[in-house]
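Student: So the chains spell out like this:
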Amino acid sequence: MDVLLFFVTAAVALVGAIAMLVSRNAVHSALFLLLNFGAMAVLYLLLQSPFLFTIQLTVYAGAIMVLFLFVVMLLGAEQVEDTPDRIAWQRPLGILLGVGLLGVAAAASLRGAAGQPAPGGEAAASFGNPAELGALLFTRYLLPFEITGVILLVAVVGVVVLNQRGRQQAPAKPPAGD
Amino acid sequence: MEPLQIPPVNLILLAPLLTVVGWASALLLVDVFLIPEGKKKLTGYLAIAGLLVAGLVGLPLWNVSGSTFSGMLVLDRYSLSLTWIFVIVGALSIAMALDYLPRHGIEQGEFYPLIMFAVAGMILLAQGTDLIVLFLGIEALSITLYILTGFAYPRLTSEEAAMKYLVLGAFAAGFFVYGIALVYGATGTTSLAGIAEFLGRQTLVAEDQTLLLAGAGMVLIAFSFKTALVPFHMWTPDVYEGSPTPVAAFMSVGTKGAALAALLRVLAFAFEGVQAYWLPVLAALAAITMVVGNLGALGQTNVKRMLAYSSIGHAGYILLGIMVASERGAEAFLFYLLAYALTNLGAFGVVIALEQQGESVWSIEDFAGLYQRRPMLAVAMALFMFSLAGVPPTAGFMAKFFIFTAAYEGGLGWLALVGVITSAIAAYFYLRVVVKMFMQEPAREVQPELNRGLNADIIIAGVATLLIGLVPTPFIFLAQQSLVALGG
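In order, the protein sequence lines correspond to chains A and B.
Going left to right, the first sequence walks through residues 8 to 185 as the working numbering numbers them.
Going left to right, the second sequence walks through residues 29 to 516 as the working numbering numbers them.
Rather than coming from a laboratory, the hints here were simulated on the basis of the structure.
Glycine residues also receive a C-beta, built at the ideal position from the N, C-alpha and C atoms.
Don't take each hint at face value.
Partial selection, computed: residues in chain A whose CB lies under 8 Å from chain B [said to hold, decoys possible]:
id, residue
1, A33
2, H35
3, L38
4, L41
5, I154
6, G156
7, V157
8, A162
A few chain A residues that don't get close to chain B, going by computed Cβ distances all over 10 Å [stated by the list, open to error]:
id, residue
9, G23
10, S56
11, L64
12, W96
13, R147
Given the sequences, and given the hints that come with them, work out the whole structure.
Tutor: Right, dumping it as structure tokens:
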């Protein structure tokens, strides 16, 4: 059952990733990436990591992809430009780095297949359990948790501050220009 | 499932920090709901009051020490002294901004609570004894500063500065987190005490050793970004030039001081066992920082950029004290930080006084003939320049004297020599300002703008610069007392 699920989700993930690359429309690309993220989330669940599963769904598929889509649509960048790439060295470098990453991933999985434990594999059995993680956040890591709250408050204030000025000045501009 | 056992928390140990954060949060609301538009200066005064209260709250804690929150936060005299310095820096920066903001049409009440949040981040850096807390402290400080740097939006230079700072800062943050992860991989803990204990207990296997050194190196890179050590200094002149001048003043002493204070704790406490590895790296960093910072300042005709390069150079000097990592070094570090903070805030105050509305040149020519127009202002600026250059009897001289002797005694004689030579080079561009002010005719009409906040800032900074230079003994005593039980 697990094996069957794995092959189906892996296939979906691969299709999503490849379709994202070849798609000519930026919105389609983003949606295919969303498909890939969803499939990855299911793979995490298969690997017994419910926490990564939730994070993958809420943060990547939920927050980041929605942001991507918003930006793409707001900028009207759906259509592909036919102008040549201005940063020419980016593509070969990207391919090189991608192949490198593939190599590392392959080495890691071969090592796992050969029966050697993955580095850090001795992590506690409770690893990836959201309940354990939540408990840690409210006990040992209480202070970092609270500081993060303050940081988020500051960030929100910053967004308001920097936007307010823009709005105040925008209506003031036309009379000055006349 | 068992009920959660929240570990005992001793809130007394973070009273100053809580005061600052609580006051700032309350001030945000007060500013929005109670203080009418056009009276935002009141928010500034309240913010200064809050910082001073936080400083006073710290007074009875002088003989208290201990750690809380599962050993993530410590209160000792070292952190308390730093807290006082940061509170003073914050208050003086706000005093400078009181009239600067309305004059440049960028007044918004949120400016003042944001400075308070930045001070809170700095206090966190002084008190943190866990890499995660230090990371969050740096982020709290940096995120606030990204906002403050862009505060003069939509002025283009300000936007550019904020963007540059944000991108590079985020990059540095990435290094920091990655470094923490590697260190955790090697030692199994992020607590400074835990790392020290681990390193002291056993010799590492080669694999872990590599992990640890790579992690420590990345943490060091992140700190170097924040403190603008060469070669991670590229952003500094642009960011200082673009950001509102009071923010630049705050950054030049605040960020640097806080990040270096945390670095001292990390190096001297957690990574003491691998000193043989980090010492040569830091020595090289300090040497090129001193040289590049001071040489870079030579060619500047923009005073704000000159002060930016000068702050790079001074970070190199401060690094000497950190490297020695002995009590002498830490004492010299504290003393230098105090002297440099006051002097630099004063110098930026004079720059603000000369900054004309709607202009952004900060040309050194504007200082020409200042003595004839505003003798007191010229004398004050001369004092600050002498102090930055390290001429007796100012605070800067005593500070340099201490840091160089500490370095010499700590076996870093060649670095002390580099320091002395670069100080001599630096004297050229500091004294050039003095020469312009006293011996040249004004090139153009510049109306210095002085007001209560700025006056207070320049007078306090000037008196303190002179006082620390003339009667350094109490301050040295304070620095010595601060190091009882460092690391707690």
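Student: So, for every hint listed, does it hold in this structure?
Tutor: Verification of the supplied hints:
{"no.": "1", "hint": "A33", "verdict": "violated (23 Å)"}
{"no.": "2", "hint": "H35", "verdict": "violated (29 Å)"}
{"no.": "3", "hint": "L38", "verdict": "violated (27 Å)"}
{"no.": "4", "hint": "L41", "verdict": "violated (24 Å)"}
{"no.": "5", "hint": "I154", "verdict": "holds (4 Å)"}
{"no.": "6", "hint": "G156", "verdict": "violated (10 Å)"}
{"no.": "7", "hint": "V157", "verdict": "holds (6 Å)"}
{"no.": "8", "hint": "A162", "verdict": "holds (6 Å)"}
{"no.": "9", "hint": "G23", "verdict": "holds (26 Å)"}
{"no.": "10", "hint": "S56", "verdict": "holds (17 Å)"}
{"no.": "11", "hint": "L64", "verdict": "holds (22 Å)"}
{"no.": "12", "hint": "W96", "verdict": "holds (20 Å)"}
{"no.": "13", "hint": "R147", "verdict": "violated (5 Å)"}
Checked against the numbered hints listed earlier, the structure breaks hints 1, 2, 3, 4, 6, 13; every other hint is satisfied.
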